[in-house]
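Enquirer: Letter by letter, the sequence shown follows residues 410 to 744 in my numbering.
In case anyone wonders, no lab produced these hints; they're calculated from the structure.
Treat the hints with care, since some could be wrong.
[Unchecked claim] Cβ pair distances, simulated, as ranges:
#1 695 / 602: 43 to 51 Å
#2 614 / 524: 31 to 39 Å
#3 477 / 557: 47 to 55 Å
#4 661 / 594: 36 to 44 Å
#5 528 / 643: 27 to 35 Å
C-beta atoms are modelled at their ideal positions from N, C-alpha and C, and glycine is treated no differently.
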Amino acid sequence: MKNLTVALRTFAAASLTASALALGPSLAEAQDYPRQPIRIVVPYAAGGMTDVVARVIGQKLGERLGQPVIIDNKPGAATIVGAEVAARAKPDGYTLLAATNATLTINPWLYSDLRYDPVKSFTPIALVATAPSVIVVHPAVPAKTLDELIRLAQAKPGSLSYASYGNGSSAHLAGEMLRAHANIDLLHVPYKGSAPAKSAVMSGEVTMTFEPAFTGVPQIQGGQLRALAVMASKRSVALPDVPAVTELGFPGMEMSAWVGFVAPAGTPPAVVGKLAEEIGHVMAQPEVQKQLLSSGAEPAGYYQDAFAAYMREESARYGKVIADARIKVEPKNGS
410 MKNLTVALRT FAAASLTASA LALGPSLAEA QDYPRQPIRI VVPYAAGGMT DVVARVIGQK
470 LGERLGQPVI IDNKPGAATI VGAEVAARAK PDGYTLLAAT NATLTINPWL YSDLRYDPVK
530 SFTPIALVAT APSVIVVHPA VPAKTLDELI RLAQAKPGSL SYASYGNGSS AHLAGEMLRA
590 HANIDLLHVP YKGSAPAKSA VMSGEVTMTF EPAFTGVPQI QGGQLRALAV MASKRSVALP
650 DVPAVTELGF PGMEMSAWVG FVAPAGTPPA VVGKLAEEIG HVMAQPEVQK QLLSSGAEPA
710 GYYQDAFAAY MREESARYGK VIADARIKVE PKNGS
């Protein structure tokens, strides 16, 4: 925990110093900010990873800024409803969006009727948490490692199935990544949400799914699901005994849910810089790191330009997966 705190503080300090130098005299604009409560729009219902992370960070951010931070849940249409609400908000620093990889790096490749643009509609503030997807199977599946699962799929092409949260969901993309990297044939079975998809695996209705560590740890530890690999470049803090895909010989097969904060485009740079600085201080608090880790989310520390660069890389990677797999979805505008 101590090493993680030092690393986050060092990364944050470097990023925020660069931002301050770029802003120069305009930092004076943020001296009296905030003068009223701040709203964080969460494009999911209460209780999920994005909501939990937003509440943990929001509470501490409010304490530092001296103003309440209000969580406004706007679920619907694959996060599109909440994203559009935030994109249309006044760019004054009093409305933020708790953005996810679905919102900013996946949806733009799937939906042609979006009324927000991931780059033009928002200004990145900070990436604060990630939760890698975990390849999980029903305990009765005769595969205790990823290699054994792949050999099983090769021996019986088309016999293994995986559950997703719907066409274009992160679980769908993860399944296509595994199919392409391992050169195996898998049957995609979409469900209406993550809960029924996970339940289908636990009941044995389907072979496997790709469950975020945030929601899958209890079932993995309880023996209802068997974890074969973490889809990340390193092992998950929440599942230290489960190997990462990179150490198993599958670099480039990373898939993580993440949460970051963005502001409507046009928000004063000094205000964005102040928010990034204060969130950096919040993220360095051991209490916050402990809360995130205990829930299955891993603290992250990418601020402003670094967050923007991370999103560009993620978007390009997901765009290729979607194009290669020819994934198509029906128009789903949230307004």
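Enquirer: If a hint holds in the structure, say so; if it does not, say that too.
Expert: How the hints compare with the structure:
1. Between residue 695 and residue 602 the C-beta distance comes to about 34 Å, which lies outside the given range of 43 to 51 Å.
2. Distance hint check for residue 614 and residue 524: the Cβ-Cβ separation is about 37 Å, which falls inside the suggested range of 31 to 39 Å.
3. With their beta carbons about 52 Å apart, residue 477 and residue 557 fall inside the hinted range of 47 to 55 Å.
4. Look at residue 661 against residue 594: about 20 Å separates their beta carbons, and that is not inside 36 to 44 Å.
5. Checked against the hint of 27 to 35 Å, the pair residue 528 and residue 643 passes, with Cβ atoms roughly 29 Å apart.
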